[in-house]
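As they're listed, the protein sequences go chains A and B.
Using the working numbering, the letters of the first sequence correspond one by one to residues 30 to 495.
Using the working numbering, the letters of the second sequence correspond one by one to residues 153 to 435.
Derived by calculation from the structure, the hints in this document are not laboratory data.
Treat the hints with caution; some may be incorrect.
What follows is a set of in silico ranges between Cβ atoms, one per label pair, in the way DEER data are often shown [what the hints assert, rightly or not]:
no.	chain 1	residue 1	chain 2	residue 2	range
1	B	H427	A	S71	56 to 64 Å
2	B	Q236	A	N53	21 to 29 Å
3	A	K234	B	G278	42 to 50 Å
4	A	S71	B	M153	50 to 58 Å
5	A	L300	B	E233	40 to 48 Å
So, partial list: chain A residues that the calculated Cβ filter (under 7 Å) puts toward chain B [what the hints assert, rightly or not]:
no.	residue
6	P270
7	D417
8	L430
Idealized CB from N, CA, C, for every residue including glycine.
Spelled out, the chains give:
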Amino acid sequence: MAEKKEKTPRQAMPEQDPQVRRNNFDEVPLGYSPETAQLEASRCLQCKKPSCVSGCPVEIDIPGFIGLIKEGDYSGSIAKLKEMTALPAVCGRVCPQEVQCETLCVLGKKGEPVAIGRLERFAADMAREKGDQTLPAAAPKTGKKVAVVGSGPAGVTVAGDLILKGHDVTIFEAFHKAGGVLVYGIPEFRLPKAIVQDEMDGLAKLGVVFELNQVVGRTVSVDELLEEYDAVFISVGAGLPSFLGIPGENLIGIYSANEYLTRSNLMKAYLFPEYDTPIVRGKNVCVLGAGNVAMDSARTALRLGADRVRIVYRRSREEMPARAEEIHHGEEEGVEFYLLTNPVTFIGDENGRVKSMECLKMELGEPDDSGRRRPIPIEGSNFELETDLVVIAVGAGANPLITSTTPGLEVNKWGYILAEEETGKTRKPRVWAGGDIVTGQATVILAMGAGRIAANSMHQYLTWGW
Amino acid sequence: MFKILEREEMAQGTVIKNVIEAPKVAARAKPGQFVIIKANETGERIPLTMADTDPKKGTITIIYQVVGKSTALFKSLQVGEGYQDLLGPLGQPTHIEKHDGLVICVGGGTGTAVVHPITKGFKEEGNEVVAIIGSRNKDLLILEDEMTAASTEIKVCTDDGSYGHHGFVTDVLKTYLEGDRKVSLVVAAGPVPMMKFVSKMTEEFGVKTLVSLNSIMIDGTGMCGGCRVSVGGKTRFTCVEGPEFDGHQVDFDELTQRLSAYQQMEKEAMEKFDHDCKIGLNK
């Protein structure tokens with residue numbers, strides 16, 4: 030029987046043609062049809078002890094939701110997903126399944142694993158398209174109140190979990206829209222904003238209150254929240270852009286990835302002048318860094334009309350931290366890779382706009398602390414690279430806004446909040462934290478995993494007092 | 153929505169004053185801090201230093217010059233209407249303390265609105281505060297009465313001599329710097345060239361000077377770095393570390409360039425806005 034099942038190959042998901050999509054902001058993968066989804070779902074062996082689940086930071090019942098798709102019970106499938114995740118449509122799109130659930134799938138040992146992410150996306154999209162409003166059942170009200178600071182993946186996971194456990198939850202968000210990195214960071218063509226909004230609306234229907242335009246640390250302090258709420262969860266993200274600290278960095282046309290993506294995504298500068306926020310549209314773009322944020326920036330630049338977009342990275346292709354799928358998508362669309370290259374100076378024109386950067390060629394030496402081979406500059410290899418737009422995507426640091434205004438909240442030497450790994454508890458009583466403000470820049474799903482852990486600990490505290 | 157309770161056109165309609173209902177912000181705002189406002193769904197986030205606050209009434213006052221599409225859109229908002237989004241108070245408050253010498257607050261154009269609460273704050277702290285305010289001509293002068301009340305001494309200048317001293321605020325400032333009374337601190341807000349020349353002059357006299365910068369921003373919480381400015385050779389973020397910096401350390405030329413980043417697009421947006429107004433699309 031098992032042999033017969035393996036004969037069905039892993040189902041591909043149709044995508045927009047690279048030459049077409051590099052000119053629009055519509056979503057790149059188009060999703061499964063019901064027929065394809067059922068076929069893919071039929072590949073799942075329904076293991077009694079499913080190893081895929083242990084690869085999921087929020088422990089979704091993977092065989093469970095896939096089995097329901099196979100039976101055509103889409104509404105049951107989404108209900109099963111929502112038991113464990115507040116963001117199925119998001120996770121189905123942006124999780125690195127290839128290093129989590131799918132890498133543990135038994136089918137992967139001999140062939141290709143079940144396309145768990147694509148099926149999750151399918152179930153969520155079907156529910157949304159059909160207007161399926163199935164809400165998971167919530168426990169009776171406990172009368173306890175929780176404040177969540179930041180509406181990104183960690184925050185909404187805590188909110189979703191605790192509201193279902195009967196606690197009142199209010200989310201404080203600094204921006205005018207909820208979703209955190211899902212709305213300001215990840216571009217429309219990877220994660221349509223209507224989908225994020227839909228997931229936020231789902232939480233609101235469950236009773237989660239969103240307080241937008243509230244900067245905790247400025248508008249209200251954590252200590253003030255503790256007067257009104259029984260517990261506080263801090264998930265404000267990393268939120269401090271890293272710059273290179275080299276001459277010319279403040280020239281016009283040099284953006285942090287945070288600014289570039291926020292202008293385009295949250296403020297919809299790609300729709301200027303219909304939307305009022307402007308953005309520099311480069312013709313010859315260099316993106317510094319090679320992680321997922323760099324890929325998002327590069328692909329955004331193409332869609333904003335660039336003729337040429339280069340990823341400039343000081344190490345080699347092997348060390349690029351972006352997901353293979355993102356690199357592949359970018360390459361298909363025409364993003365070029367300029368490897369073993371490191372800028373040392375930005376050069377501007379008479380109006381203070383960047384026109385080129387002086388770079389050094391690099392070579393790889395011995396592995397460094399990160400285990401990757403250390404890039405070493407080759408002396409005298411200086412050369413000039415023309416560019417009219419530079420996006421710096423070399424990571425982010427800890428934004429001190431909340432930690433510096435909250436006495437008792439301890440941070441490590443990089444400014445990230447100290448929180449217990451098993452509980453998310455900080456050193457400050459009744460305060461938990463999770464996501465990038467604890468771990469440093471990571472993925473959506475890891476932040477959600479941290480949210481799940483903290484929510485369990487918070488629930489224990491709210492129920493039993495510890 | 154953040155409702156507009158009062159609206160006044162100043163300086164022949166080129167400057168608008170709004171009193172806005174924002175009780176939470178009013179309750180905690182301090183002199184020198186700013187808010188970010190956004191008119192509607194498609195709007196831009198614009199940082200504006202508060203000109204006044206009234207914690208009892210739960211209101212804040214903003215005063216802005218109509219310079220482009222976004223401020224033209226703000227201008228079209230009437231009493232009873234309002235801003236979709238308002239965030240604040242942001243930035244570091246002015247460090248207000250008692251000085252043994254004069255505190256001089258210099259305001260040029262709408263910069264006068266920025267120095268107004270600061271002037272008031274220093275006076276309430278028991279300082280002798282000189283206000284020097286200027287504009288191109290008499291018609292464009294704003295807040296003369298308010299600044300008179302907020303200070304212990306006031307000097308008015310106009311570029312064309314149509315009112316007060318004929319000349320720049322720096323001319324009047326110089327008379328104080330050269331005068332007998334000790335000057336402890338100068339605070340300046342206004343067009344970048346004005347802040348630059350004020351800072352140059354006070355540097356010669358060795359008088360500490362704070363300038364309030366109006367960098368371009370998005371989030372206002374230190375996340376995007378769009379508002380970065382060079383101060384003493386170091387990159388600082390206006391939104392969280394400012395908006396006030398040591399005027400003797402600020403790279404004003406770089407600031408001027410960065411403020412011009414979107415000039416062409418701003419023009420395009422304004423032309424479209426004017427056109428849409430004429431054919432009634434904005435109704």
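- Taking the beta carbons of A/L300 and B/E233, is their distance inside 40 to 48 Å? Hint violated: Cβ distance 24 Å, outside 40 to 48 Å.
- Do the Cβ positions of A/K234 and B/G278 conform to the proposed distance bound of 42 to 50 Å? 55 Å, violated
- Close enough to count: is the Cβ of A/D417 nearer than 7 Å to one in chain B? 13 Å, violated
- Using the Cβ atoms, figure out if B/Q236 sits within 21 to 29 Å of A/N53. 28 Å, holds
- Item | Hint validity - A/P270 Cβ closer than 7 Å to any chain B Cβ | 4 Å, holds
- Message: Taking 50 to 58 Å as the stated bounds, is the beta-carbon spacing between A/S71 and B/M153 within them?
- Response: Since the Cβ atoms of A/S71 and B/M153 sit about 52 Å apart, the hinted range of 50 to 58 Å holds.
- Message: Quick check: does the Cβ-Cβ distance between B/H427 and A/S71 fall within 56 to 64 Å?
- Response: 57 Å, holds
- Message: Restraint: A/L430 near chain B, CB-CB cut 7 Å. Satisfied or not?
- Response: 6 Å, holds
Of the numbered hints listed earlier, those contradicted by the structure are 3, 5, 7.
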